[in-house]
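Asks: Take a look at the letters that make up each chain.
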Amino acid sequence: MALGKIKADTLEHSTAGSLDTQYVVNGSAKAYLSMDSSGGSTTTFFGSFNTSSVTDVGVGKYDQNFTNSFTGANYSGLGIAHNNVNVITNVNNTTFGSYAAGASGIVLYNGAGSAYTDVDVSTAHLGDLA
Amino acid sequence: MQTPEFQGTHLFDRLCWAKENLDGVQSDYRVVYEDSVDECAKILVPDPNWMACALQGGILPPVQVYWELAKDEAKPDFVKHTRGHLLHNTKPVEAMTEEQAIEYLIMKDCPQHVWRNWDEGNKPKMVICRKEQLPGTREWRNAWKITEELSVTDLAA
Numbered sequence: 001m002a003l004g005k006i007k008a009d010t011l012e013h014s015t016a017g018s019l020d021t022q023y024v025v026n027g028s029a030k031a032y033l034s035m036d037s038s039g040g041s042t043t044t045f046f047g048s049f050n051t052s053s054v055t056d057v058g059v060g061k062y063d064q065n066f067t068n069s070f071t072g073a074n075y076s077g078l079g080i081a082h083n084n085v086n087v088i089t090n091v092n093n094t095t096f097g098s099y100a101a102g103a104s105g106i107v108l109y110n111g112a113g114s115a116y117t118d119v120d121v122s123t124a125h126l127g128d129l130a
Numbered sequence: 001m002q003t004p005e006f007q008g009t010h011l012f013d014r015l016c017w018a019k020e021n022l023d024g025v026q027s028d029y030r031v032v033y034e035d036s037v038d039e040c041a042k043i044l045v046p047d048p049n050w051m052a053c054a055l056q057g058g059i060l061p062p063v064q065v066y067w068e069l070a071k072d073e074a075k076p077d078f079v080k081h082t083r084g085h086l087l088h089n090t091k092p093v094e095a096m097t098e099e100q101a102i103e104y105l106i107m108k109d110c111p112q113h114v115w116r117n118w119d120e121g122n123k124p125k126m127v128i129c130r131k132e133q134l135p136g137t138r139e140w141r142n143a144w145k146i147t148e149e150l151s152v153t154d155l156a157a
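Residue numbers (this note's numbering), protein chains in the order written: chain A, 1 to 130; chain B, 1 to 157.
Worth flagging that the hints you see were computed from the coordinates, not collected in a lab.
Warning: the hint list may mix true and false statements.
DSS-like mimics (lysine-lysine), calculated; alpha carbons at most 30 Å apart, straight line [claimed, not checked]:
| # | chain 1 | residue 1 | chain 2 | residue 2 |
| --- | --- | --- | --- | --- |
| 1 | B | 123 | B | 71 |
| 2 | B | 19 | B | 80 |
| 3 | B | 75 | B | 91 |
| 4 | B | 145 | A | 7 |
| 5 | B | 91 | B | 19 |
| 6 | A | 7 | B | 80 |
| 7 | B | 19 | A | 5 |
| 8 | A | 5 | B | 80 |
| 9 | A | 7 | B | 91 |
| 10 | B | 131 | B | 145 |
| 11 | A | 5 | B | 91 |
All figures in this text were calculated on a predicted structure; none of them were measured in a lab.
Just chain A, with the same shape it has in the complex:
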């Protein structure tokens, strides 16, 4: 089966100017994850892409493992969680402070920053793929 393909360097609007397609490629999320980390003993997936597994590291700490790694550790991870919980992504849960191209740490902590907690969380990761 052949894959359909459109090759273009630029998208041009009739009146509103043009856009280099590299902006579209670079600006798209390369991985996402939406999961329930509080409903049972282990994680339940709502939706995901480019994710091979999630490692439950402990209360409020998870690793999202990528199928297609990023080219390096300088990608951007965005996260949002329920119940006024803060999310930090792209941290290494084992050593806090180092980063990895093949996995992104997800840390969930309450609004006061005083305790880790388990809630539903969604993440998106942007950057260049390996």
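Keeping the supplied structure of chain A fixed, place chain B upon it in accordance with the hints.
Replies: Relative to chain A, chain B alone:
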């Protein structure tokens, strides 16, 4: 559904094809492992879309490709991957059973020092179990450990 000939196709494009054409498969298997005596047990949960790719075959690269990338990443002067082409150009693996897929996933996403030496010690460092065999709630989650009652000999038998 027949998988297209994907060798040489960017892995990301393959995943896009899989997302479009395959239904996710949520495995009931979980991998529990301990990589530090000072930390609680970690639990690896397979992703449903990834599992669908593994069962379908012809999509995922051999796990050895990830090991090569991990070697590069472990170098002190690592900045960015220069051998990402291995993910895209290496012949994809054939369809796996669910059990084979879990073994692959362990070798990809668990630390090598855990799965290579899982049976060296008084108790196993890693156990594959069913979801139902885990505690029913996350109470005392940060104290979870692999039970002392399991012996490596029992598991091997």
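Asks: Is residue 5(A) close enough to residue 80(B), meaning Cα to Cα at most 30 Å?
Replies: holds (28 Å)
Asks: Mind checking the alpha carbons of residue 131(B) and residue 145(B) for me, to see if they're no more than 30 Å apart?
Replies: At roughly 15 Å apart (the allowed maximum being 30 Å), residue 145(B) and residue 131(B) satisfy the hint.
Asks: Run the distance test for residue 19(B) versus residue 80(B): straight-line Cα separation, threshold 30 Å.
Replies: OK: residue 19(B) and residue 80(B) at ~27 Å, within 30 Å.
Asks: Quick one, are residue 19(B) and residue 5(A) close enough, alpha carbons at most 30 Å?
Replies: With Cα atoms ~17 Å apart, residue 19(B) and residue 5(A) stay inside 30 Å; holds.
Asks: Is the hinted pair residue 5(A) and residue 91(B) satisfied, with a Cα-Cα distance of at most 30 Å?
Replies: holds (22 Å)
Asks: Given the hinted pair residue 75(B) and residue 91(B), is their Cα-Cα distance within 30 Å?
Replies: holds (26 Å)
Asks: Do the alpha carbons of residue 145(B) and residue 7(A) lie within 30 Å of each other, as the hint requires?
Replies: Violated, at roughly 53 Å.
Asks: If you draw a straight line from the CA of residue 123(B) to the CA of residue 71(B), is it 30 Å or shorter?
Replies: Cα-Cα ~29 Å, so holds.
Asks: Within a Cα-Cα threshold of 30 Å, do residue 91(B) and residue 19(B) meet the stated pairing?
Replies: holds (20 Å)
Asks: Does the alpha-carbon distance linking residue 7(A) and residue 91(B) stay inside the 30 Å limit?
Replies: holds (25 Å)
Asks: Hinted pair, alpha-carbon criterion (30 Å max): residue 7(A), residue 80(B). Please report holds or violated.
Replies: holds (27 Å)
In the structure shown, a violation is registered for the earlier hint numbered 4 alone.
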